[in-house]
Amino acid sequence: MPSDLLEIVVVEDDPSMRRAIERMLRVGGFRPIMFGSAEASIEAGILLTADCLILDIQLPGMSGLDLFEYSLADGDSPPTIFITSFDSSAFRDRAGRLGAISYHQKPFLGRVLLDAVKQALQAPRENCRLNE
1 MPSDLLEIVV VEDDPSMRRA IERMLRVGGF RPIMFGSAEA SIEAGILLTA
51 DCLILDIQLP GMSGLDLFEY SLADGDSPPT IFITSFDSSA FRDRAGRLGA
101 ISYHQKPFLG RVLLDAVKQA LQAPRENCRL NE
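The numbering of the sequence shown is the UniProt record's numbering, which starts it at 1 and goes up by one.
Simulated from the structure, these hints should not be mistaken for laboratory data. Computed from a predicted model, the values in this text were never measured in an experiment. The reader is advised that the hints may include incorrect statements.
In silico SDA-like cross-links for lysine to any residue, where the CA-CA straight-line distance does not exceed 20 Å [as the list claims (entries may be wrong)]:
no. : residue 1 : residue 2
1   : 118       : 34
2   : 106       : 88
3   : 106       : 89
4   : 118       : 7
5   : 106       : 37
6   : 106       : 85
7   : 106       : 87
8   : 106       : 17
9   : 118       : 48
10  : 106       : 90
11  : 118       : 4
12  : 106       : 16
13  : 118       : 23
14  : 106       : 34
15  : 106       : 36
16  : 106       : 118
17  : 118       : 26
18  : 118       : 27
19  : 106       : 96
20  : 106       : 93
21  : 118       : 96
22  : 118       : 108
23  : 118       : 105
24  : 106       : 20
25  : 106       : 14
Distance ranges between label pairs, derived from CB positions [claimed, not checked]:
no. : residue 1 : residue 2 : range
26  : 90        : 13        : 13 to 23 Å
27  : 89        : 119       : 19 to 29 Å
28  : 49        : 69        : 12 to 22 Å
29  : 27        : 75        : 25 to 35 Å
From the three backbone atoms N, C-alpha and C, an ideal C-beta is built for every residue, glycine too.
Put together the whole structure using the sequences plus the hints.
As structure tokens, this is what we get:
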């Protein structure tokens, strides 16, 4: 049965954080699609069809930033939000240059991330810029 819920792809390697984000997105009325690695999300082949991406920066293997850059190689990427436990100006700068919608350091409030998703879904793909 097809769903009319907006699909949010989340790539987060920490299982407890992944579950928390999944619950928050479901309560917010979205359809979360969860992955524990960048490679698993690529294999699924749904990055470019998602309505929004939430990517952890520090992942085993390919980083969230590298995944985003990979997705851009095939054209416009969905609006993208970065999350990280390891904040740095280099990460923020790179995310901004790539066109991320927002960037959040863990821990963050669920409503803050949910508001960021709603904002991301309203942004035109071609005008995505980092909002701090």
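Checked hints:
1. 118 <-> 34: OK: residue 118 and residue 34 at ~18 Å, within 20 Å.
2. 106 <-> 88: 12 Å, holds
3. 106 <-> 89: Cα-Cα ~15 Å, so holds.
4. 118 <-> 7: Between residue 118 and residue 7 the Cα gap is close to 12 Å, so the pair holds against 20 Å.
5. 106 <-> 37: Holds, at about 18 Å.
6. 106 <-> 85: Satisfied, since the Cα-Cα distance of roughly 5 Å is no more than 20 Å.
7. 106 <-> 87: Measuring from Cα to Cα gives roughly 9 Å; hence the hint holds.
8. 106 <-> 17: Distance of about 10 Å is within 20 Å: holds.
9. 118 <-> 48: 18 Å, holds
10. 106 <-> 90: 17 Å, holds
11. 118 <-> 4: The hint holds at about 16 Å.
12. 106 <-> 16: 13 Å, holds
13. 118 <-> 23: The hint holds at about 16 Å.
14. 106 <-> 34: 18 Å, holds
15. 106 <-> 36: Answer holds: residue 106 to residue 36 is near 17 Å, not above 20 Å.
16. 106 <-> 118: 19 Å, holds
17. 118 <-> 26: Holds, at roughly 13 Å.
18. 118 <-> 27: 13 Å, holds
19. 106 <-> 96: OK: residue 106 and residue 96 at ~18 Å, within 20 Å.
20. 106 <-> 93: OK: residue 106 and residue 93 at ~18 Å, within 20 Å.
21. 118 <-> 96: 19 Å, holds
22. 118 <-> 108: 16 Å, holds
23. 118 <-> 105: 18 Å, holds
24. 106 <-> 20: Holds. Residue 106 to residue 20 sits at ~12 Å (cutoff 20 Å).
25. 106 <-> 14: 12 Å, holds
26. 90 <-> 13: 13 to 23 Å: Given range 13 to 23 Å: holds, Cβ gap about 20 Å.
27. 89 <-> 119: 19 to 29 Å: 22 Å, holds
28. 49 <-> 69: 12 to 22 Å: 18 Å, holds
29. 27 <-> 75: 25 to 35 Å: At roughly 32 Å between Cβ atoms, residue 75 and residue 27 fall inside 25 to 35 Å, so the hint holds.
Violated hints are absent here; each numbered hint is respected by the structure.
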